[in-house]
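Participant: Just need the whole structure built from these sequences, with the hints factored in.
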Amino acid sequence: MKVGIPKGLLYCKYHPFLVTFFGELGAEVIVSEDTNKNIFDAGIKYCVDDACLPVKIFHGHVNFLKDKCDLVVIPRIMQLWKNEYICPKFCGLPEMVLNNLNGLPPAITDPIYATSWKNLYSWAQKSGNLLGKNNRQIKVAFNKAIEAQKNHKTGIDDEGYEIKIALTGHPYNIYDKFLNMNLVKKINNLGMGIRTAEFTQEDILAREADNLYKRPFWTFVRENYGFALNSAKEKKVDGIIYVSSFNCGTDSVIIELIKNGLPDFPFLILKIDEHTGEAGINTRIEAFRDMLERRLFNESHISTLG
Amino acid sequence: MKATFPHLGNVYLGVKALFDGLGIDYVIPPQNSDHALNIGTRHSPDEICLPFKIMIGNYMQAVEEGADTVILTGSCGPCRFGEYCELQMNLMKSLGYDLKFIVLDMPKDIGIKELFNRLSIIGSSSKKSRLQKLRAVKTAVQIMHLLDETEALAHYLAGYERNKGQCKSLFHRCRREAMKCSDPQEMLSLIKEYKKRIEYVPVDINKDPVKIAIIGEIYTVIEPYSNFCIEDKLMDYGVSTKRGMTPSWWLKNMALSPLKINSLDIKKASRKYLSLEIGGHARECIGEAILSWKEGFDGAIQIYPLGCMPEIVSKSILPAISRDYDFPIMSLVVDDMTGEAGFITRLEAFIDLLERRRDNVLFGS
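Protein chains in written order, with my numbering: chain A, 8 to 313; chain B, 21 to 385.
If you're looking for bench data, these hints aren't it; they were derived computationally from the structure. One should not assume that every hint holds.
Claimed, not checked - On the chain B side, residues computed to face chain A include the following (Cβ under 10 Å): (1) R100; (2) L124; (3) T159; (4) Q162; (5) Y176; (6) Y324.
Note that the Cβ used here is the ideal one computed from N, Cα and C, for glycine as well.
Facilitator: So, in structure tokens, the structure goes:
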């Protein structure tokens, strides 16, 4: 049996789990290619126009897989932490994909509540049963997958640059090189080091978020807000770059919260959609770097934000 | 304390009755207008959804009239509405307004104790006895139910009425008169009377008007300003409309949701297409589309603000329903840049389409 796994959305963070789990169950795992022009165009063609770019690209990945596998995995990630969601579009992702694309093979669409091992295992069990495996085989594969996921570390923490910036945003916007036009490399080439949220401990992130009036109910609010505030307060970085896709509902809130929390800190928002021109992005990053440089080395006592 | 609250359709009448009954000082913001939207848009984040911008406009206009406390409901669903209170508090503060917010969240998110705490802030500024307070709440809920029923009746009978425009003018008069009432009981009997008058509007039962269901995001379907008074326009065209989303439905839904017995019909209808709660009212949108098909409606119009996350999911699903049931559904997106003319053109084209599907182009004249 060929199991297809789309390389979109949170694949960048949780691929060891998915690939190991289905591999250990004896399925032939087929992962879609890295995002490229064809996948990108297919995604835009089939998805509803209001959706954000990462969701459109996910459609492209599923479209790529549809003739190549017997079963496609569409992870419906409901919660990664208790009482926290990712975004309504994640909860309804299978519905979006199944209704927007035609001729799809059967799909695994069971909700994933990764709030505890037990909840996650119930997803694994349902998926394993679809492949016709018994509970013992599923348990073994599940444990190996968890092990692989634990050993997998993502995140960037560059050393040896004179300017360091915090790169925040949803992981799929940061790590998808095609979507963000190789932003990480661009920033590095301009002589700026990057730090991402993975290097800040969960409890520190949570502590920052606890200062909010309302308990955040999106995982990425806690992560991005906590990370941005913490790294600015502890002077770990000189500026913050936020990569956000156009029309992202959660980002419209997170960005405001960060702006409120850090009224006087260099903060660049890069909006990305299917029409984004690379030259515009380059100019903005270069200008941001120039500003940081002046702020740090020439006129550090004057707020460049006015 | 001088309380205010954002507009949502006819909710202001219910809240007015409640505050009148409780004897609390309040300000009703001026009716939503381009001015409210403009000042709201000027100060709101760019990418936030339309209701946020209109609400900011409401607050600023209410403050000009002396309000100092905003009462707002909250939610902890995955939809953006839950974060409104936090952003709005920060925004109003940074604009230099000294405005207190009382956010009424669900008890499961903030704890029943905290909810009672917040409610007691409102209650403590009322000098009435506990019994009188309870009675005021009861009357306000009654008024809300009655208003929604009256409105639904007017929208439905507009397709059948003999004298064109009678339902519409009666209902608008009802709202205007209700606004003048200073006593909740008086308002209640007034709305009762108008309901009766609308019930007795002369109708032509041989007519078979186009029937359209209004579905979508709760704020933009209930608040007439945000959807260019789509229901009034449809009444003018002689179309019968139905809308499941009403403030009283919301109240009932909230009250029953801890027991999980809320909106069972919608849950059942939507199961095939969207089996899980994904936040906002996406599931209700799907369920209502199917229910209105079952009830023999000719089509449905989905309305939502630009970027509304749950409704984007339901927009993906609606074409499948449209295909499976042979049921036309049109999606309309509203935001602060929407032009009314384009909106009307699409609305008229949709009604034409529905008429022609019945093989009678001259229908409705």
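Participant: Can you give the numbers of the hints that this structure goes against, from lowest to highest?
Facilitator: Those not satisfied are hints 2, 3, 4, 5.
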